[in-house]
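Between the sequences and the hints, there should be enough to build the whole structure, so can you do that?
Residue 47 is where the sequence shown starts when you use the numbering used here, and the numbers rise one by one after that.
Worth double-checking, as some hints may not be accurate.
Said to hold, decoys possible - Beta-carbon label-pair distances, calculated as ranges:
id: 1; residue 1: A424; residue 2: G313; range: 17 to 23 Å
id: 2; residue 1: A196; residue 2: I414; range: 53 to 59 Å
id: 3; residue 1: V124; residue 2: T465; range: 55 to 61 Å
id: 4; residue 1: P184; residue 2: G158; range: 43 to 49 Å
id: 5; residue 1: N275; residue 2: E108; range: 20 to 26 Å
id: 6; residue 1: R188; residue 2: G158; range: 27 to 33 Å
id: 7; residue 1: T465; residue 2: P172; range: 19 to 25 Å
id: 8; residue 1: G420; residue 2: S241; range: 47 to 53 Å
id: 9; residue 1: S241; residue 2: W413; range: 17 to 23 Å
id: 10; residue 1: G193; residue 2: G302; range: 15 to 21 Å
id: 11; residue 1: P184; residue 2: A311; range: 43 to 49 Å
id: 12; residue 1: R287; residue 2: P184; range: 29 to 35 Å
id: 13; residue 1: S241; residue 2: E108; range: 26 to 32 Å
Simulated from the structure, these hints should not be mistaken for lab results.
We put the beta carbon where it would ideally sit given N, CA and C, even for glycine.
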Amino acid sequence: MTSRQLENLVILTNGPGEVSGWVHPVVASWRARHPRARITVLLLPCPHASGREASVLAGWPEAPSVWLPAESLRFILVGRQPAGRALGDTSGIVLFLGGDQVFGVLAARRLGWPLFVYTEKLALWPSRSECYLVASSPLRDRLLQRGIPAQKIEVVGDLMRDASLLGSREHLVGEPEPPGLATPELLLLPGSKPSKFRAALPLFLGAAEQVQRNLPGTRLRLVRAAYVNRAELAEAASDDRFIPFTGGVTAQYRSGTDGEWLDTAGGASVQIIPRQALANVPSGPRLALTLPGTNTADLAFAGIAMLVVLPLQRPDLIPLDGLLGQLGRLPLFGPFLTRDMAKRFLRRSPLVALPNRAAGRMVTPEWIGDIRSGPLAARLADMLADPDRLLEIGRDLQACSAPPGSADRLLEVISARLTQHARPSPAESAEMAAPGNE
Numbered sequence: 047m048t049s050r051q052l053e054n055l056v057i058l059t060n061g062p063g064e065v066s067g068w069v070h071p072v073v074a075s076w077r078a079r080h081p082r083a084r085i086t087v088l089l090l091p092c093p094h095a096s097g098r099e100a101s102v103l104a105g106w107p108e109a110p111s112v113w114l115p116a117e118s119l120r121f122i123l124v125g126r127q128p129a130g131r132a133l134g135d136t137s138g139i140v141l142f143l144g145g146d147q148v149f150g151v152l153a154a155r156r157l158g159w160p161l162f163v164y165t166e167k168l169a170l171w172p173s174r175s176e177c178y179l180v181a182s183s184p185l186r187d188r189l190l191q192r193g194i195p196a197q198k199i200e201v202v203g204d205l206m207r208d209a210s211l212l213g214s215r216e217h218l219v220g221e222p223e224p225p226g227l228a229t230p231e232l233l234l235l236p237g238s239k240p241s242k243f244r245a246a247l248p249l250f251l252g253a254a255e256q257v258q259r260n261l262p263g264t265r266l267r268l269v270r271a272a273y274v275n276r277a278e279l280a281e282a283a284s285d286d287r288f289i290p291f292t293g294g295v296t297a298q299y300r301s302g303t304d305g306e307w308l309d310t311a312g313g314a315s316v317q318i319i320p321r322q323a324l325a326n327v328p329s330g331p332r333l334a335l336t337l338p339g340t341n342t343a344d345l346a347f348a349g350i351a352m353l354v355v356l357p358l359q360r361p362d363l364i365p366l367d368g369l370l371g372q373l374g375r376l377p378l379f380g381p382f383l384t385r386d387m388a389k390r391f392l393r394r395s396p397l398v399a400l401p402n403r404a405a406g407r408m409v410t411p412e413w414i415g416d417i418r419s420g421p422l423a424a425r426l427a428d429m430l431a432d433p434d435r436l437l438e439i440g441r442d443l444q445a446c447s448a449p450p451g452s453a454d455r456l457l458e459v460i461s462a463r464l465t466q467h468a469r470p471s472p473a474e475s476a477e478m479a480a481p482g483n484e
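If you want it as structure tokens, here you go:
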């Protein structure tokens, strides 16, 4: 019974960060241990989604079967499965890896399979969930304080650590830089969630242009997420709608034998590199400018100091999760709701970078508020001018990072739970051993 269940895995997830940061290491570990397993990823409706999650999943060596959000929602609501990709009548398990947890509850109920939930903050519907798989002991303690039974919680570690290791196996194509290069480097990571990416990119480009002007020779690189294609990047870079709010600049996309670049009108050239190249940037003083999100965990694991910014000139552009995210799209009422929820979130959790939140302190600097390119450039230049401090932050980030192996531990916990349920209880064993029951 247990082995059959492990051979049929249904994963529910939603946006870019969850797919790359949680789903990828789990799928890779699962495939390694159960090569014949049938893994199906149900994408859920999400305001953060880029629309390219399915194509990213299909490009993995361990590519699972994928249901699009509309197909997943149709199955959850009315039980209709996509033709040619139906799950059949076999037994299996449901693993929730992002989105609104109610979708996991409904999918598990419809299938009649046990539900396991990986979470970094909330544990909802405990009576419907087999087990909550959490990243850390402090989170376990918080869930216990909120009334979640201890037997329902298992600490498995941070899946994003494993995701970072998967990404570091892929290398940037081209000639390696000489070791020990002292050229300052500024990495730009405007994210992959469409609304945030389009608003942040001109701000980041404007700040980078001024940094290079103040610190000539500074190397500028933009890390392009797998969920942003070249056309989208070029279009966003030339979009001037958000410049009045940020003081940023636009740029033109070009490509050639020397790679891909964004050229600003002020003379800055920003090289575009893939996200997988984060672990392979040349040595020397380096600093990342990033929005909150999975990027901050990747940078921490790589030991790269960062300035994490959350511009709030337009808080209505920050998409919310779940039902609130759908309500946030409504005209008139939606922007008001989004602004109010953003303020509430910041009051409850003043730290926005994942490594800072995990450590419970400001390991790497953050800046939240009305952020313009001029003051942002000045702060970045100050940080780049202190390479010893950047190295210290990088070492501190790595020291605070979780050890790898979380995906393997997650699978071990699930297997142990299923095995435990498959065993007869002591009372059942005694009854089966009684005379007359042979």
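Is 20 to 26 Å a correct range for the gap between the Cβ atoms of N275 and E108?
-> Since the Cβ atoms of N275 and E108 sit about 22 Å apart, the hinted range of 20 to 26 Å holds.
Within 19 to 25 Å or not, the Cβ separation of T465 and P172?
-> holds (22 Å)
For A424 and G313, compare the CB-CB distance with the range 17 to 23 Å and indicate the outcome.
-> holds (19 Å)
When you take the CB atoms of S241 and E108, is the distance between them in 26 to 32 Å?
-> For S241 and E108 the Cβ distance comes to about 30 Å; the hint holds.
Does 55 to 61 Å hold as the CB distance between V124 and T465, or does it fail?
-> violated (34 Å)
Evaluate the given range 43 to 49 Å for the C-beta pair formed by P184 and G158.
-> violated (34 Å)
Is 15 to 21 Å a correct range for the gap between the Cβ atoms of G193 and G302?
-> 60 Å Cβ-Cβ, so the 15 to 21 Å window is violated.
Taking 17 to 23 Å as the hint, is the beta-carbon distance of S241 and W413 inside that range?
-> holds (20 Å)
C-beta pair R287, P184: status relative to the range 29 to 35 Å that was hinted = Given about 41 Å between the Cβ atoms, the range is violated.
Please test the hint of 43 to 49 Å on the beta carbon pair from P184 and A311.
-> Holds, at about 47 Å.
Lying within 27 to 33 Å: is that true of the beta-carbon distance R188 to G158?
-> holds (31 Å)
Go ahead and decide if the range 47 to 53 Å is satisfied by the Cβ distance of G420 to S241.
-> violated (24 Å)
The structure is inconsistent with the numbered hints 2, 3, 4, 8, 10, 12, although it conforms to all the rest.
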